[in-house]
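Using the hints provided, position chain B relative to the given structure of chain A.
2 protein chains.
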Amino acid sequence: MQPLVELYAIEAQLPSLKDNTGDLDRLRRAVAERFGGREPVVPFGCLPRVAGNFRRAGFVGGAVVNNLPSGPELVDFVVMPAKPLVGIALDLGTTHLEAVLVELASGRRLAEADCENGQLEFGADILSRIHYAAQPGGLAALHSAVISCVNELAADLADRAGTAVEEIRALSVSGNTAMVHFFLKFDPYHLIREPYIPLVNVPDPCRALELGLAIDPGAPVWVVPGVGSYFGGDLVSGVVASGLARGDKVSMLIDVGTNAEVIVGNREWLIACAGAAGPALEGGVVRMGMRAGPGAVARVEIDPASGGLTYQTIGGARPKGICGSGIIDLVAGLYLGRFIDIRGKFRPGRNPARFVETAEGLAFVLVDAAESADGKPVLFGQVDLDAVMRSKAAMYSILTTLVNQVGIGFDELERIYVAGAFGRHISPRQAITLGMLPDLPLAVFKPIGNSSLAGAEMVLLDGAARRECRELVRKITYLELNVNQEFMTRFSGCRFIPHTDATLFPSVPFLNGD
Amino acid sequence: MQPLVELYAIEAQLPSLKDNTGDLDRLRRAVAERFGGREPVVPFGCLPRVAGNFRRAGFVGGAVVNNLPSGPELVDFVVMPAKPLVGIALDLGTTHLEAVLVELASGRRLAEADCENGQLEFGADILSRIHYAAQPGGLAALHSAVISCVNELAADLADRAGTAVEEIRALSVSGNTAMVHFFLKFDPYHLIREPYIPLVNVPDPCRALELGLAIDPGAPVWVVPGVGSYFGGDLVSGVVASGLARGDKVSMLIDVGTNAEVIVGNREWLIACAGAAGPALEGGVVRMGMRAGPGAVARVEIDPASGGLTYQTIGGARPKGICGSGIIDLVAGLYLGRFIDIRGKFRPGRNPARFVETAEGLAFVLVDAAESADGKPVLFGQVDLDAVMRSKAAMYSILTTLVNQVGIGFDELERIYVAGAFGRHISPRQAITLGMLPDLPLAVFKPIGNSSLAGAEMVLLDGAARRECRELVRKITYLELNVNQEFMTRFSGCRFIPHTDATLFPSVPFLNGD
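Sequences listed follow chains A and B, in order.
Numbering follows my numbering, in which position 267 of the first sequence is assigned residue number 267; successive positions increment by one, without gaps.
Count along the second sequence from 1, then add 1000; that gives the number in my numbering.
There are no misleading hints in this set.
When the alpha-carbon atoms are kept at most 20 Å apart in a straight line, the in silico EDC-like pairs for lysine to aspartate or glutamate are as follows:
1. B:1475 / B:1268
2. B:1320 / B:1368
3. A:83 / A:166
4. A:475 / B:1039
5. A:475 / A:248
6. A:249 / A:471
7. B:1249 / B:1471
8. A:18 / B:1486
9. A:446 / A:411
10. A:18 / B:1480
11. B:1185 / A:210
12. B:1320 / B:1371
13. B:1446 / B:1248
14. B:1376 / B:1357
15. B:1446 / B:1414
16. A:320 / A:371
17. B:1185 / B:1204
18. B:1475 / A:19
19. B:1018 / A:486
20. B:1475 / A:39
21. B:1083 / B:1011
22. A:18 / B:1194
23. A:83 / A:103
24. B:1018 / A:194
25. B:1185 / B:1152
26. B:1249 / B:1468
27. A:475 / B:1019
28. B:1018 / A:480
Bear in mind the hints are in silico, worked out from the structure with no lab data behind them.
So here's chain A without its partners, still in its complex pose:
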């Protein structure tokens, strides 16, 4: 498996008047025997402790070696038997950070933790943070904020696992390209300016001490490489975690966050694209939208005949708002219950009691004031519905543009992996009803959870995964949709539910007119 950091038992010959090899030269030579004669590099900052510990240990013990793409790197020396080495895999999300602490040799998970991204105070979305970074001190503030969060997560994980934060020997990081830039303190200016070029797609690993991280100073920080400004390491992690690029048959991976990022291919070829398809499903765009947390309406059922509505909230709490899966359930139910027409416009005549007029126009009452958490009704307005219609149109257009680009049909996809909270919570059936996902047997769709974190974890534990990441980014062809005429044409073809061309969705009733 070859974890990112390994312990090698070393028994060096003792120095003597007849052998005045320097301590470190002696140790490097002994370690080199484990690497086919290749001497490890010792980072300058780690040198005094490596040499000091080697001597104090009596020239016998465990060499702590980082397995880097450039070769072995010797960062510490410990007395044996030593405690198993541990490392952190981190998903660096725009709004949330999630991390796991694992034993490197066994892969055993010791603890999990997550926290809000401390950069939220500088901007809820990536775009506003990139603008903030251009102000004097802006990038430094964004960088410090995320480093502080990672340090808190690390302390939290160490605490839960009963170890010390300084004993964490490795960190693998997976995030979108902008988050990776903030994390590494790289100028993100050009990420949002044509032709949208990252400062770096494939960063060399650095060391914890170079980033001001509180874990072991010699810990390698292995950042999963990205493909471009809009297709980052989080997606590459997803590809690795899903196994998409190791299969013979063609599959697809969909990750929906603020953007929808999609990749299709197999072991031979991979093509990817991204587009703004997600915002309507996240907190912030839909007026009463929220993250999938306690009090979020996550499931909605509407009886097509009676129009009766039932819902479930996360944790069973009184409802506060609605999350992505709830929104998709709701809109699909509204369509099948004839509360909205194929163009995505409310039909208040269906049951006037469920509608109210607001300052922003007509709104559907999902939850009455009497049932809600704060005594106010949970509403879903026409504006929100319009946003969902744009998102679903964008998503389906992205998917069709992509498969069309490679000359295959949806029915040739062996599997569609659906990543993230979107994949975990939504029902593919309802997304098909909306015309968001293609009309395929439900067994084709496979939710894979937080695949950004799963990929980071594989990278931490397995040299093959690290190599796969680096090969992937060379192999993936990125299709730029911002200037793609076909995408624009398809987008306008998707403005109906399920689609302007209803024959594409044989399983969905076409409910035109009354």
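Structure of chain B alone, referenced to chain A:
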């Protein structure tokens, strides 16, 4: 020649919507074409400026690449045509630092400078500094002191050459093992404790920023490797500068400072040793000894028949003391003029007017009070003479032990290179008279000046010299004299002038008795 740092003209393809390779990935790929496909490493600390400058330059310009043993390292990007890159070669002496600023591509010397070692306030000799380093904060103080000196030298050199100190792109350093430890902030504790093992003999190059040097932060600091605690990089530099290890015939290199370090060999083999043979020739041991500076008596002639004495001082100033070459001239002259006997004892009867009694015993009056700089006579006492006798005995014992070890005679040496101030100033003829150097034709002896600095300069300019250094340290066998019985026996055989066995010195009159 391949200087330590080189400029490579790069014309990268422009980024576009069709090619979203990251800026740095693009640059690394372009640089890799110049290295047979091998991508350069970009040190984390240099990354923002490399990428930023590359973009500002419009993706066309000069890549600044460090040629390191581990491979190419990309540290900056400049607009072309650029000023020629410059670097510093530094001799890190125990008492003095000497440096030259050179153009890396042409090898042209732009400026020279030297200064006192700022560590003198912590101890005049290496031993007392190593003890000082063991105190709390001691090593840090010694390290800061030498780094400050190097920064001052760099500023001075930049000033003289009309450039900015931040534009100095490389530093090569040659010094004894203890000085290298202080410079790199490595614990020197074990250097002086059996079995005398350095923390490291072959340090990996680090970067200026890691040492707090004021030159370009990405400048590589290439430290000439050493062989052991008592045979450092200064000697390895001397071997490289002399060409000793590139010849077919056997030659010898002698460097006398506080210790005498000697190496003998050819392209096939090399054997080295070191011993305390020098102190009598440096300021500090001989009562009126001083460095070879203005006012130092550097030449002495005594007419063997009349006993009349003439001398020369450096700079023609009034005499203040006597330097190493003056001491050797003086003692040889005193012997040939019968002022001392073969056992190295004064014979005041030869001319009582030239002797005085002092608190430390009998002393020879080299310069009368009336002629001296401070109105006091320049004296050379029996105690001083005893010290010189021990030094010359040690030196000859070292040389004979060494050649005997390899089974050759002195007459098989093609050349004897004599390094340092000792080599520059002494007359081999007088050293032979004392029995300090073997009785060989004078043409065999070749002074090579500051070969530590010369070696550092070669290392700065030429990849072959850098490779030679690293090969040398593997090839040199080090002979430990501290525990060598043969050395002890020979030492007592050297207690006469020129030697107990006068047949070894046919060219020197054996002046036993009156």
